[in-house]
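Colleague: Which chain is which? The protein sequence lines are D and R, in order. The first sequence begins at 0 in numbering that gives the first Met the number 0 and counts up by one. The second sequence begins at 0 in numbering that gives the first Met the number 0 and counts up by one.
In short, the hints are calculated from the structure, not lab data. For clarity, every value in this text was computed on a predicted model and none was experimentally measured. Do not take every clue at face value.
If several chains are the same, the list does not tell them apart, and a pair holds so long as it fits within one copy or across any two.
Unchecked claim - SDA-like, lysine to any residue: derived pairs with alpha carbons at most 20 Å apart:
#1 155 to 95
#2 279 to 147
#3 309 to 38
#4 357 to 370
#5 148 to 203
#6 342 to 391
#7 15 to 144
#8 207 to 152
#9 193 to 167
#10 34 to 374
#11 398 to 84
#12 34 to 365
#13 269 to 173
#14 34 to 362
#15 309 to 210
#16 357 to 302
Number of protein chains: 2
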Amino acid sequence: MPYSYLTPLLEKNDSKIILLILDGLGGTGNSAEGKTALETATKPNLNRLAAEGCLGQTIPIRHGITPGSGPAHLSLFGYEPLECNVGRGALSAAGINVPVHFGDIAARGNLCTLDKQGKVKDRRAGRISHQNAAPVIEILNEVQIPDVKVEVHQVKEYRFVIVMRGEGLSPELNDTDPQETGVPPLPLKAQDPKAEQTAEYFNTWMEKAYQALADQPRANGFLLRGFATDPNFPSFEEAYQLNAACIAEYPMYKGVSRLVGMEVIEDIEKGVKGEFNAVKQIWDDFDFFFVHIKKTDSYGEDGNLSAKAKVIEEVDQALPILLELDPDVLMVTGDHSTPSPLKSHSWHPVPFLLWAPKTHRPDLEQEFGERVCARGGLGTFPAVETISLGLAHAGRLEKFGA
Amino acid sequence: MPYSYLTPLLEKNDSKIILLILDGLGGTGNSAEGKTALETATKPNLNRLAAEGCLGQTIPIRHGITPGSGPAHLSLFGYEPLECNVGRGALSAAGINVPVHFGDIAARGNLCTLDKQGKVKDRRAGRISHQNAAPVIEILNEVQIPDVKVEVHQVKEYRFVIVMRGEGLSPELNDTDPQETGVPPLPLKAQDPKAEQTAEYFNTWMEKAYQALADQPRANGFLLRGFATDPNFPSFEEAYQLNAACIAEYPMYKGVSRLVGMEVIEDIEKGVKGEFNAVKQIWDDFDFFFVHIKKTDSYGEDGNLSAKAKVIEEVDQALPILLELDPDVLMVTGDHSTPSPLKSHSWHPVPFLLWAPKTHRPDLEQEFGERVCARGGLGTFPAVETISLGLAHAGRLEKFGA
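Using the sequences and the accompanying hints, generate a full structural model.
Modeller: Written as structure tokens, this is what we have:
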């Protein structure tokens with residue numbers, strides 16, 4: 000949860016705070032050139048901000064812990080990630096704007112292919128197309144059982160979200176996805192006595208749903224995981240007195256923003272410039288702007304260091320759009336590292352840049368990069384204290400104690 | 000509270016530790032010259048210690064949190080500040096050496112001027128002089144009610160401390176100070192059912208006290224805030240096996256030192272040299288010396304960077320007095336930052352210098368300053384671990400575990 004010690008210190012003013020997240024920003028530099036994508040990129044604007052402002056590096060969860068996107072963003076938003084681990088089901092539902100109220104149960108689903116013995120042959124139903132999966136998911140959506148209401152919504156291609164609404168439900172259920180082929184889906188069981196009734200509902204529903212898919216050529220089964228209810232987080236407005244907007248292209252990041260009560264801006268022009276222009280359009284309506292750039296992470300996961308560097312260059316070139324808005328605080332960082340040599344999320348510290356010309360303390364560092372950030376004036380700090388730094392530099396926190 | 004994991008590790012020896020606090024030491028350097036007071040000051044002695052010893056920077060409370068003087072010092076003394084937030088009343092009473100025992104209730108008071116409608120016209124009674132306020136405060140001191148004993152002591156000018164002693168008292172009371180003029184003092188109410196009786200006592204006392212001041216020309220009212228009882232902290236001796244002395248000019252710092260069981264040295268010659276000479280005089284009698292220099296903070300709050308730098312120079316020039324005593328550990332830092340450009344306490348990390356020639360690990364840095372400290376060998380660490388570092392470098396902590 001957000002730090003309760005902030006609450007009595009909060010003070011409203013007209014300041015504007017931008018949190019610009021380049022997903023998976025950090026690298027390791029243990030590639031042939033010995034440089035990371037961030038160190039390789041030509042980025043005069045970011046370097047100028049680094050020279051004028053203050054650097055540091057964040058630990059997303061704890062040292063050595065590689066975060067998923069959900070916890071990494073919750074941490075950046077000030078929600079202690081070990082305490083606020085939201086189930087994938089609730090995150091996915093929020094991502095496609097399907098309401099999950101406290102007490103409803105949501106889970107992520109995959110359509111899959113089962114063989115004649117009922118064993119999983121393909122966990123993604125041969126990566127069935129969005130168009131071909133849609134009618135199958137609609138069949139699932141029509142399966143109903145007594146006492147509860149079930150909804151099944153397509154996310155993308157073979158992926159869906161299932162939401163069960165009713166009385167006395169509990170998310171303490173195991174995944175049915177075995178995460179491998181050649182074995183049957185796992186039986187669904189209550190992980191806590193209070194989830195017995197919910198397990199019974201889901202088992203009843205699944206039996207009917209399997210029958211309904213029996214004649215499908217490829218998508219004749221499904222796997223569920225990440226049973227969860229709404230985490231019931233205090234909103235950004237409650238926790239920080241910030242009226243916050245989310246500018247993101249991908250559902251996952253919209254979802255986690257909705258969970259903390261941000262207003263998600265829709266119908267944004269694609270690309271970095273499109274996102275920055277969206278900030279410009281809503282500038283007068285919000286205090287806090289969470290801007291999420293996805294492609295740095297995607298190229299990191301592809302192991303494509305130069306493409307990752309190009310995304311950073313694109314951000315740098317578009318940055319004047321944000322700077323012309325004259326923000327009081329601009330923080331540029333990642334949610335975690337995604338080093339190209341590792342082709343995956345990692346636990347490495349994340350480079351952090353804070354620029355707040357009225358209140359920052361410039362350090363000795365002159366450019367934005369992993370190694371330089373390690374020496375920065377903000378030191379190495381928990382990502383979960385990012386919002387506190389933003390609030391402080393925006394003059395939104397009063398003194399603690401006399 | 001001080002870290003309980005230290006207790007079984009404590010080991011006594013003859014070492015001497017000095018904690019030299021330059022109040023509000025840190026700056027931001029976002030002034031015209033781009034330098035802080037500490038970076039501007041000519042300070043050959045401090046620079047030599049920095050080159051020989053080890054630097055770092057502390058976070059007084061948490062990232063982004065601006066501390067008041069009370070929590071900032073408690074943190075430096077190893078008392079977790081979020082857990083040990085002492086009410087202003089108890090701090091102020093301790094500052095003027097008025098005993099407040101656990102169960103007694105103390106509050107800070109201001110004499111004020113009320114208009115004919117009973118609204119606050121001046122929260123400080125026109126800054127009435129010490130001499131003119133003294134008899135008014137003595138009138139208050141004579142007001143008594145049944146069942147409890149009330150004492151009112153002058154602090155300075157219009158400021159006083161009120162202490163109520165009796166059975167079953169509780170400090171869960173709101174301030175009567177509205178913190179603005181043109182409105183009446185706030186009604187005093189219990190903030191918890193267990194404080195109902197205490198609220199009644201105070202309301203009875205206040206009614207009599209207001210009558211007693213009715214004819215005063217300027218100081219015809221008063222405002223109370225920061226109701227508190229003794230926090231009942233373990234002493235430095237109990238927590239660290241350190242016989243500790245406080246050398247400070249200002250009541251606030253003497254007060255917080257008394258709360259942790261330090262012996263406060265009185266009748267000190269004024270100025271930095273006076274304080275350092277006082278350390279010399281008592282050198283054989285104590286293990287730990289908390290030396291507090293106030294003026295760095297005062298000039299920071301005035302926005303007077305060059306005067307702040309001059310105080311640091313004065314400290315540097317007088318430093319040989321301390322060095323000739325041959326301390327085992329000398330730590331030089333601030334309780335928080337007070338950047339001249341901000342004219343107030345701030346949340347920025349605080350430069351820290353540790354010099355312990357027998358045990359320190361020198362780092363790469365060669366001078367004492369904010370930006371250099373950010374790169375120092377001690378890293379960025381919570382101020383609340385300062386005493387642990389002092390004890391360790393003094394050889395006063397045994398190994399943890401086998």
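Colleague: How would you label the pair residue 193, residue 167 (within, between, both, or neither) given a Cα cut-off of 20 Å?
Modeller: Within one copy only: 8 Å inside, 38 Å across.
Colleague: First find the shortest C-alpha distance between residue 34 and residue 374 inside one copy, then the shortest across copies, and answer within, between, both or neither for a cut-off of 20 Å.
Modeller: both (17 Å within a copy, 18 Å between copies)
Colleague: With identical chains treated as interchangeable, where does the CA-CA distance between residue 309 and residue 38 reach 20 Å or less: within a copy, between copies, both, or neither?
Modeller: Within. Shortest intra-copy distance 12 Å satisfies the 20 Å Cα cut-off; inter-copy 39 Å does not.
Colleague: Within a copy, between copies, both or neither: where do residue 398 and residue 84 come within 20 Å Cα-Cα?
Modeller: Classified as between; 13 Å across copies, 31 Å inside a copy.
Colleague: What label fits residue 357 with residue 370 when the C-alpha limit is 20 Å: within, between, both, or neither?
Modeller: between (26 Å within a copy, 18 Å between copies)
Colleague: Within a copy, between copies, both or neither: where do residue 34 and residue 362 come within 20 Å Cα-Cα?
Modeller: Between copies, since 10 Å is at most 20 Å while 22 Å is not.
Colleague: When no copy is named, should residue 342 and residue 391 be tagged within, between, both, or neither for a Cα gap of at most 20 Å?
Modeller: between (36 Å within a copy, 15 Å between copies)
Colleague: How do residue 269 and residue 173 come out at 20 Å by Cα distance, when the copy is not named: within, between, both, or neither?
Modeller: Answer is neither; intra-copy 37 Å and inter-copy 54 Å both fail.
Colleague: Can you tell me if residue 34 and residue 365 fall within 20 Å by alpha carbon in one copy, between copies, both or neither?
Modeller: both (17 Å within a copy, 16 Å between copies)
Colleague: When Cα atoms must be at most 20 Å apart, do residue 357 and residue 302 count as within-copy, between-copy, both, or neither?
Modeller: between (39 Å within a copy, 14 Å between copies)
Colleague: Reference check for the pair residue 309 and residue 210, CA-CA at most 20 Å: within, between, both, or neither?
Modeller: neither (49 Å within a copy, 77 Å between copies)
Colleague: Using 20 Å as the alpha-carbon threshold, which applies to residue 15 and residue 144: within, between, both, or neither?
Modeller: Neither: 49 Å inside a copy, 53 Å across copies.
Checked against the numbered hints above, the structure violates hints 2, 7, 13 and 15; every other hint is satisfied.
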